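Protein chains in written order, with the numbering used here: chain A, 1 to 583; chain B, 1 to 239.
Think of the hints as simulated: they come from the structure by calculation, not from any bench. Quick caveat: nothing in here was measured; it's all calculated off a predicted structure. Worth double-checking, as some hints may not be accurate.
Simulated crosslink set (DSS-like; lysine-lysine; CA at most 30 Å straight-line) [stated by the list, open to error]:
| # | chain 1 | residue 1 | chain 2 | residue 2 |
| --- | --- | --- | --- | --- |
| 1 | B | 196 | A | 155 |
| 2 | B | 205 | A | 160 |
| 3 | A | 158 | B | 144 |
| 4 | A | 158 | B | 196 |
| 5 | B | 144 | A | 143 |
| 6 | A | 160 | A | 190 |
| 7 | A | 160 | B | 124 |
| 8 | B | 144 | A | 160 |
| 9 | B | 205 | A | 155 |
Residues from chain B shown here face chain A by an in silico Cβ test under 7 Å; the list is partial [unchecked claim]:
| # | residue |
| --- | --- |
| 10 | 92 |
| 11 | 94 |
| 12 | 95 |
| 13 | 110 |
| 14 | 112 |
| 15 | 114 |
| 16 | 119 |
| 17 | 120 |
Glycine included, each C-beta is placed from N, C-alpha and C at the ideal position.
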Amino acid sequence: MADEKKPAVPPPAAARPPPPPPKNPGFVTATIDGREVVVKPGTTVIEAAKSVGVEIPFYCYHKRLSIAANCRMCLVEMSNAPMGKLMPACQMPVAEGVAVKTDTPRVKDQQRAVLEFLLLNHPVDCAICDQAGECKLQDYYMKFNRQPSRLDVPKNVKGKRVALGPTVTLDQERCILCTRCVRFMREVAKAPQLGVAERGNESFITTFPGQPLVSKYAGNVVDVCPVGALTSTDFRFRGRVWFMSSARSVCTGCARGCNTFLDYLNDTTYRYRPRENEAVNKEWMCDDGRLSYKYLNTGRALAARTGRGAQAQVVGRAVAEKQAAEALFAQARAGTLAVLLSPVASLEDLLAACHVAKEGLGISVAYVGGRPDGWQDEFLKRADENPNRKGLELAAQAYGIALRPFADLVAGVQGGQVKGLWAVGTEVPDAAAVAKLEALEVLVAQSYGDGPFARAATILLPASPHSEADGTFVNFEGRAQRFELAYYPRGESRPHWALAAAIGQALGLELSFATGQEVFRTLGSKVAGALGDFQWDSMPSIGKRFGIVPLAAGTVDGRLAGNRDRVPSETSEDYRRALARSR
Amino acid sequence: MPYPLKNQPADLRESMYFPEIIRGFGDLARHFFKNLFFSRDRNPDVLARKRGGFGYSDNVTLQYPEERAPYPPGYRGLHRLVPREDGRPRCVACYMCATACPAQCIYIEAGEYADDPIEKYPVKFVIDEMRCIVCGFCVEACPKDAIRMDSGEHTPPSYERAAQIWDQKRLLRGPSVSYQYDPWLRRGSPSISPEKLEEMRARAKPFPSVATDEASQTPGFSVRALAQEARERAEAAKR
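Next comes chain A alone, as it looks inside the complex (with noise of 0.2 Å):
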């Protein structure tokens, strides 16, 4: 490799005459398939062609990886190279005056050659493939090769399903052996816990006897595999990434907010996958980050109850606001009424809720709630469970609300100075004082899931999280950011903001929200200082992208036939309708 960046030995007789200035000072001037091109000295042929429109196919190469340079995709023909030899375009830096070409024949020939090479032992078994969809070979073969296999003896037979850690699984036969997961796990991850065994066309990817891969960004190996050799054991299976469509997103797992697109389908989260953001996240996220939708889909309240215990019952959503209004406002006028709010929430609930509490309720102080500290490392991952403890901060200062530990709150609820509890969001970073809760008079509570925190309610309100509405996360460094809804909220649940106004409706305040962005355009403006050049409708440009849209249509028996997904079927739009025509 280290050869072919040496110039060829030039003749010793003739004198080398000088080379000419270059065109731009400081800069590197080339020309890539006709396109002159002006980069920063250093720049890599690929990029370079990136940066003018065009196309060089690759495997191996990765922009924050180093270099292999193995895959051999990326040939091109270069003016400078030795003896005329095609050169790898990830490899090579752009020189002064140099004329790339990345269309004659010979470099689709070498494309088309390749890519036999690379799929000579490949299994082709898209069919069970979870790659398929977003695989490299795939695109690639539609476009360079489109030729029949050559192949007259058996292929190779190597390992199908390796268990390589507790998150990812790999197909050894898939593997083209490019090693991007072997330099990130060496050089992101800093866990070297990857490596290629045996020789030639027997090599694969493996870990070390009796060592699992246990990194917690172990999971980002999935994302850099071009092929579908590392597949997440989590998504293994559960659906087929076309169907999918992806909403910009960010992580609620901790305090960083790394950024990403929440792949759903009809109203079910399948995966987060990491955004690339520069400032936050580069490109990746942690495995546990990664696992943290599952309360977007699982364990759900949908409906509105009222009562604990065996006087539960299913209320209309608008029979439990103004219920809950009533009872807070009798516990407000006695002077026992305490608030609780959660930094799981968003900045647009936050914001609501406090301007709720204040307005309406005359409450200044307000508890903080909020999962339990995790662990933290160095990389990404905060100990601060909780997405947007700023943001609450935030929303707290701006209505002069003081804010007291979770601690005080169960130390209220025993000594009696506290008989009636709004809670915004259910996550107590203690749980086992849910049940000191229950000596409450009257707790509302408009919570995500049904746990153990819904059932001690006895007004509960269903909630939607961050998969179903608009908003803001604020993160530890005070970086608002926005995250979009990808699916409307399910069942009876509506955002915090949404069920907070209802509640400042029935007491009289003027409030009225339709979406996300009317909150922060009414209340946004008390915090718009504290959140920089913060603009609510500026999201990345890079769009949101959309898969199937399921028939609406259902069958009698409430089961969709023709949806693609796991919806539980009491929760889905399709078997409400089905139930409200059967009636």
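For this one, chain A is given, so just place chain B on it according to the hints.
Frame of chain A; chain B shown alone:
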């Protein structure tokens, strides 16, 4: 069959009525006896039907449902999931049929075999036959020849709508099929005994290049044979 009606006043014979009435009775009697004993249809398909016997005419009317016309070759009937020889479905839950289905009537949930070279299989495979538009795209899309519409019957009617939602238990039926390239034949499978595997290997067919190949069809139902017969009949009718 329309025929030209001349717009002219009745002549003497017509205005006498009786000759025309007698002629009309003659026509009626001719058709009556022809239909009763000598009816023949020019359609070779109808002629080829096994019919007749004492007391039956060669009338074109079929006494449905006692008599049924055979469906033509290529008829797209009720779906079936093709079984392997060990009784498991050939289907690997790749969702290609569900992707191709314009009516979105196919619902699949994938699971994982612990002991089979094909890792993926359908835990649930449901077709809503009420929503199905019988286009046959699912059969064309299937890369494993695992779903076919060659059952030669249409979806049976039912009194309950729920009975039209066919799940794997009802869909998995009919003759099993194996191809030489099938992974369980190439790699072996712990769930199939070695003797059975040898037997299956001996019976396996090369994968058909086109869907109407004889090899791809159910034994006893050959599209090529049927097409050849139809061709011969057409030629015989010409002569």
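*Given residue 94 of chain B as an interface hint, is the shortest Cβ-Cβ distance to chain A below 7 Å?*
4 Å, holds
*Has the given pair, residue 158 of chain A with residue 196 of chain B, been kept, meaning a C-alpha gap of at most 30 Å?*
25 Å, holds
*With 7 Å as the cut and Cβ atoms as the points, is residue 92 of chain B at the interface with chain A?*
Holds, about 5 Å.
_Given residue 112 of chain B as an interface hint, is its Cβ closer than 7 Å to any Cβ of chain A?_
At about 6 Å, which falls below the 7 Å cut-off, the nearest Cβ of chain A leaves the hint on residue 112 of chain B intact, so it holds.
*Holds or violated: is there a CB of chain A closer than 7 Å to the CB of residue 114 of chain B?*
Result: violated, 10 Å to nearest chain A Cβ.
*When you check the alpha-carbon spacing of residue 144 of chain B and residue 160 of chain A, does it fall within 30 Å?*
Since the Cα atoms of residue 144 of chain B and residue 160 of chain A sit roughly 19 Å apart, the hinted pair holds (cutoff 30 Å).
_Please verify whether residue 144 of chain B and residue 143 of chain A have alpha carbons no more than 30 Å apart._
24 Å, holds
*Could you grab the alpha-carbon distance between residue 205 of chain B and residue 160 of chain A and see if it respects the 30 Å cut-off?*
26 Å, holds
*Under the criterion of a CB-CB separation shorter than 7 Å, is residue 95 of chain B in contact with chain A as hinted?*
Since the shortest Cβ distance to chain A is 5 Å, the answer is holds.
*Is the hinted pair residue 196 of chain B and residue 155 of chain A satisfied, with a Cα-Cα distance of at most 30 Å?*
24 Å, holds
*asked:* Tell me if the straight-line CA distance from residue 160 of chain A to residue 190 of chain A falls inside 30 Å.
replied: At roughly 27 Å apart (the allowed maximum being 30 Å), residue 190 of chain A and residue 160 of chain A satisfy the hint.
*Pairwise hint evaluation, residue 144 of chain B against residue 158 of chain A, where the allowed Cα distance is 30 Å at most*: 22 Å, holds
Comparing the model with each earlier hint shows a violation of hint 15 alone; every other hint is respected.
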